[in-house]
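Asker: So you can see what is in the structure, the chains are spelled out below.
Protein chains: 6
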Amino acid sequence: MMAINIFELENFLNSILKPWDYDDFCHNGIQIEGAHTINKIAVGVSFNEEFISTAIKENCDLLLVHHGIFGKDFFELKGYLKRRVEKVIKNNLTLMAYHLPLDGHEEYGNNVSILKSLNLNIKEKVDVTFIGEYEDPILFMDFHKQVEKLFNPQPLLVYQNNKFVKTVGVCSGGGSSFLESVENKIDTFITGEVKEQTRNIVAEMGINFINAGHYSTEVFGIKNIGDLIRNSFGIEVEFIDIYNEI
Amino acid sequence: MMAINIFELENFLNSILKPWDYDDFCHNGIQIEGAHTINKIAVGVSFNEEFISTAIKENCDLLLVHHGIFGKDFFELKGYLKRRVEKVIKNNLTLMAYHLPLDGHEEYGNNVSILKSLNLNIKEKVDVTFIGEYEDPILFMDFHKQVEKLFNPQPLLVYQNNKFVKTVGVCSGGGSSFLESVENKIDTFITGEVKEQTRNIVAEMGINFINAGHYSTEVFGIKNIGDLIRNSFGIEVEFIDIYNEI
Amino acid sequence: MMAINIFELENFLNSILKPWDYDDFCHNGIQIEGAHTINKIAVGVSFNEEFISTAIKENCDLLLVHHGIFGKDFFELKGYLKRRVEKVIKNNLTLMAYHLPLDGHEEYGNNVSILKSLNLNIKEKVDVTFIGEYEDPILFMDFHKQVEKLFNPQPLLVYQNNKFVKTVGVCSGGGSSFLESVENKIDTFITGEVKEQTRNIVAEMGINFINAGHYSTEVFGIKNIGDLIRNSFGIEVEFIDIYNEI
Amino acid sequence: MMAINIFELENFLNSILKPWDYDDFCHNGIQIEGAHTINKIAVGVSFNEEFISTAIKENCDLLLVHHGIFGKDFFELKGYLKRRVEKVIKNNLTLMAYHLPLDGHEEYGNNVSILKSLNLNIKEKVDVTFIGEYEDPILFMDFHKQVEKLFNPQPLLVYQNNKFVKTVGVCSGGGSSFLESVENKIDTFITGEVKEQTRNIVAEMGINFINAGHYSTEVFGIKNIGDLIRNSFGIEVEFIDIYNEI
Amino acid sequence: MMAINIFELENFLNSILKPWDYDDFCHNGIQIEGAHTINKIAVGVSFNEEFISTAIKENCDLLLVHHGIFGKDFFELKGYLKRRVEKVIKNNLTLMAYHLPLDGHEEYGNNVSILKSLNLNIKEKVDVTFIGEYEDPILFMDFHKQVEKLFNPQPLLVYQNNKFVKTVGVCSGGGSSFLESVENKIDTFITGEVKEQTRNIVAEMGINFINAGHYSTEVFGIKNIGDLIRNSFGIEVEFIDIYNEI
Amino acid sequence: MMAINIFELENFLNSILKPWDYDDFCHNGIQIEGAHTINKIAVGVSFNEEFISTAIKENCDLLLVHHGIFGKDFFELKGYLKRRVEKVIKNNLTLMAYHLPLDGHEEYGNNVSILKSLNLNIKEKVDVTFIGEYEDPILFMDFHKQVEKLFNPQPLLVYQNNKFVKTVGVCSGGGSSFLESVENKIDTFITGEVKEQTRNIVAEMGINFINAGHYSTEVFGIKNIGDLIRNSFGIEVEFIDIYNEI
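Residue numbers (UniProt numbering), protein chains in the order written: chain A, 1 to 246; chain B, 1 to 246; chain C, 1 to 246; chain D, 1 to 246; chain E, 1 to 246; chain F, 1 to 246.
Since the hints were made in silico from the structure, they are not lab data.
Check before you lean on any hint, since a few could be wrong.
[What the hints assert, rightly or not] Restricting the straight-line Cα-Cα distance to at most 27 Å, the calculated cross-link-like pairs of lysine-lysine (DSS-like) are:
| id | chain 1 | residue 1 | chain 2 | residue 2 |
| --- | --- | --- | --- | --- |
| 1 | F | K72 | E | K125 |
| 2 | F | K57 | D | K82 |
| 3 | B | K195 | A | K78 |
| 4 | B | K195 | B | K40 |
| 5 | C | K57 | C | K72 |
| 6 | A | K72 | E | K82 |
| 7 | E | K82 | E | K72 |
| 8 | E | K72 | A | K72 |
| 9 | E | K149 | E | K18 |
| 10 | B | K145 | B | K163 |
| 11 | B | K78 | C | K40 |
[What the hints assert, rightly or not] Part of the chain F face toward chain D, derived, beta carbon under 10 Å:
| id | residue |
| --- | --- |
| 12 | G68 |
| 13 | V88 |
| 14 | D127 |
Glycine residues also receive a C-beta, built at the ideal position from the N, C-alpha and C atoms.
Can you make the complete structure from the sequences, with help from the hints?
Answerer: Pasting the structure below:
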């Protein structure tokens, strides 16, 4: 059975994901140091008790997630957060997290992956949002079907304001506010969040909008990284799917 | 027909809503100065083209909203925002907005109003969140019915983690992140937004959670203020309901 | 008759003026979006009602100025500013502004242009201030005459503390405070502003000082850019001179 | 001959001028500590070599000014500033400065004093600007004459946009940017500075504007404080007038 | 055997120590939440493995310290800090810390306590530094003996620049930089830290200086609070002395 | 006798020490401008009255130090600082200071110099800390002797937690807090400061720790720069040793 050292894994991931290029909302890398040698990795979108418990049942000893522990503040371990950290520590697990680097990566990231899965040609990067283009416009109703299939079984929230789709912006997770920065560049926007003001803004912009879910738009990057680790180190990696309709 | 001056109206509302007590994300008060004497007020949750157009059809000349124009930045009028401002200016309308003061007001605010409508006794204020209490616990299923009735026809998203309800926190609109500040004080939380992490956090906290919609939880304060103006000045005030399921 | 698109014009100007290199006090580029296709450009130093009215009379549909709308703050349109914006919007004009990039540009900027007009060889750039040099010193009285001629009919305010002139610093507009950063490098300073402390500082430094007016020192850059646009696109460009003795 | 201790003088002035109420651009109080017991005070608007030299000739041993040494930065003593500090130290002088407290003081400040000298009744304070009112409007031409007399021999720069004067705002020194905060409250503004944009702004506001000079509007407060010290301690105090037309 | 709830204890201590009055470098109050009902409290200066281990041996279940976990940053649990937190969590302990409130408290604080132990009358508070005074000056050599006795067995570092002692400033722990704020108010300063520049600064100031150790000057406040809790709640409280010569 | 100009000297030192690469706590370069032509340089660790007086006795006219005047604040010259500056100015001396650039320089800096003096091979730079390595581990007791010899007569404070030494981190002066950034990279740390928490942190890390004194660890860089100036300009340079055990 293969085993790897957690600091070597961190160096490997940092060299690929380059967290120093992002102004993020969490520490990217090891957030809780556990046993230094690990045998199996649980990969997932979000760090929570259900994810930890499942990982333990599956005999994983490292948790690698997109949403780890967020926030810059004085040290305070209370309530639900304390219970999560307690479970990690008592089981000698390591917690690693990569946030924005997994949204914006040019090869393994969520946004690039979604565009490629929809057969769009990558055209431009604006912050962590990626824009892709079809050679010829397609009907929105056809595009919609492709998106449904890609994110199945996630229910989509759709605001249609265009009959055709040619240029698509994608910002996974809570990306609805990035819409303004690409207003004049796209006809369709896919993200994982909708706000009260979104419906009217996209109507006034004349842009199609699809909310494909925060969770569902963010499984791509972490899965890619899981595959990369498995292929590079020959270690066992399991994607633990705590599906979340939000 | 009654008419009032927009600066007198602003002074009146400031004296009640005390915007200087809040560290807000927009200017509270007049955001766009139109005709100084106005005859009819359109009251609503959000400033957008549909709201402006309806207000114009209804012969209103002042727009009073909860969500006006947000953000602290250099002056730049483009795209959908430019078209909204253009419509206001070409019709000589005034735009007034009050944001956090309408969430946190002790008498007219959204949060206090929701608690009172559910027959809870006001107990404590934490930032703009209010906490209310029943004398004796009631069944969650009964509480749920009351909430459905209050926000009808808004579909509710519910995470039940408790059979009973006694102490309820309410933070209207985008308040899901305020949950942590009241973790040990409540058994049930009502807000207008749900995030990807919310389901697991409330499960781990053992707290019931109801998302009653950003829009639907924020109609109370602005309606109350509309009524107050009508009663105080005898001027015509109309609530314009651009219902939004988000 | 030639026509151009305002976004193409903005891209063209940004590629030359590189606003991202400056930490400025306003948004550089389109500040108010009007008709997308324009036929005639009004170029001028400052955005105000007199400038807007003249531009309208001259059938201009884009205003390109050095002093647009300044300040980073919450959105608030009131008083004189609201009336200016109203006039722009009701006439479907576009407002574009470039501030520091027009002071500091190496080819088209105010400071470089003034030095060249006085036959000085460009020697060094300190922030947006440029320093130029004569091969041999000339009498201040001769230099003074050249400066009078260049800025005619602007009355000059002069503090002479040197009989000769060899090395001259120029900072257009409100640049009196940049004097300290070039104290040891120049014998003469030209700017567009004088402060209460200036007379004594330049006397103690032994440096000649000429205030040639905020307005008069800032016509060069915007005129150059107007010429550049005319030559590049063949579109009509008119410099509108709202002369200001300050 | 009377003598006083510089720390006692500082305590006395702090108790009256309350520098802790202002967010200023310099340290208010002792800026350079010299001999602890002093016999004669030089009072003036601005700290510069001419002022220091005259004070030394007049046998003063404490300099009390409105404009001392400004700026929050690392310690660096060079060029003209080093020569000023050198002259202070070699002559064992003390430098004391009070800036905003002398503009905004309710009894001794520049702005209140100017309004009272023009027989206006004090009505309101907005930041450090004071607003005064006549019972009945007077002709601008009569008001102008009074202002000329008060600031004689200072040449005034005048923009007249109203025939009458009733409510006057005063902000001494570099106060032109405070105009916007009182736009709706006054018909006439007096300050000590004019900017390129001022002419058009006051024209569009319909407000009379008088620039009475930075220096000339700031002699009042420091003179009042000089008199107060003389009366309170019986020590010799001399106002040193380094007149400056700016 | 008495038991108390950790949240009640926190409320009690907050009501006395008022952490909201301080701009501190750590969270004051519960830093790690353990068992909610506790039976015995370990009180000490600093949180480290030796302190935790001793507290566990003594059957304590709450750690109350002056130096808890410092720093405002993203969540990262690694190396020695992870091992400390691990020991706390695996033993179900609670960690509470109060930092500046224990230096500056008027009754229970370190600085007030040291002054009182040396029979000085409290005179003034400057930030968290307290100043005390003898009615008549005493010889420094006599004062030195008293200080040695008070802090025994802590070796003192002494810079004597005065033969007599009358007015003494005390700032426990790392307080050497507060010396400048009391320069003119004291003849003798006691703190718990010495820096490279201190010797020359106190010589030039003519002030006696005693470094009585960071640890030794900070046992007073936490001991007082331990006594207060024992007396108020009747619960067992033990001071654990991990003596540190620094 | 050689003489040099202070501005040329500053340009020379800046070109080598590159102060713009550091985010420092003081201005690096000329802090007080004295006579422009100087004949002899006093080099030392810290700027204080004893150092100034000795330099004057030795006929030096430029003071070049590692610790000059620190802090970013409003101008205020009082107490001991005023007396130091007064002595500099009255003797027409120039004060130059370089702080972090002398700690972190790759060739002349304190940290590199200490590692080289102990025959360690330079391996890595982390901020201004340098790490060096022996080819084979040596006994700590042998290493200790070398360190004692290097810093003689400075008394060392030693916490031994390892029998062997192979990889050593050095951070001169107040560097104890940089220990955490190299925790996993070294077995031994040398610095010039110890804090109350240090003993326990290094024990828990299992790292040897030597406090060789703030002063004693910081003589290397400034001496090297003194030698460099002497060799480059042929001017007289004298190291003035105001030894300080801290």
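Asker: Run the distance test for K82 of chain E versus K72 of chain E: straight-line Cα separation, threshold 27 Å.
Answerer: Distance of about 16 Å is within 27 Å: holds.
Asker: Closer than 10 Å between Cβ atoms is the bar; does V88 of chain F clear it against chain D? Give me holds or violated.
Answerer: 9 Å, holds
Asker: Can you confirm whether the C-alpha distance between K145 of chain B and K163 of chain B stays at or below 27 Å?
Answerer: Holds. K145 of chain B to K163 of chain B sits at ~14 Å (cutoff 27 Å).
Asker: Please work out if K72 of chain A and K82 of chain E have their alpha carbons no farther apart than 27 Å.
Answerer: 18 Å, holds
Asker: Would the hint linking K195 of chain B and K78 of chain A be met if the CA-CA limit is 27 Å?
Answerer: Holds, at roughly 21 Å.
Asker: Please work out if K57 of chain C and K72 of chain C have their alpha carbons no farther apart than 27 Å.
Answerer: 31 Å, violated
Asker: Using Cβ atoms only, decide whether D127 of chain F comes closer than 10 Å to chain D, and label the hint accordingly.
Answerer: Violated. Min distance 21 Å.
Asker: Holds or violated: are the alpha carbons of K72 of chain F and K125 of chain E at most 27 Å from each other?
Answerer: 25 Å, holds
Asker: For the pair supplied as a hint, K72 of chain E and K72 of chain A, is the alpha-carbon distance within the 27 Å limit?
Answerer: 6 Å, holds
Asker: Check the hint pairing K149 of chain E with K18 of chain E against an upper bound of 27 Å on the C-alpha distance.
Answerer: Violated: K149 of chain E and K18 of chain E sit about 32 Å apart, past 27 Å.
Asker: Starting from K57 of chain F, check that the Cα of K82 of chain D is at most 27 Å away, please.
Answerer: Status holds; Cα separation ~24 Å.
Asker: Assess, step by step, whether the Cα of K195 of chain B is no farther than 27 Å from the Cα of K40 of chain B, and give holds or violated.
Answerer: Violated, at about 38 Å.
When held up to the earlier numbered hints, the structure conflicts with 4, 5, 9 and 14 and fits the remainder.
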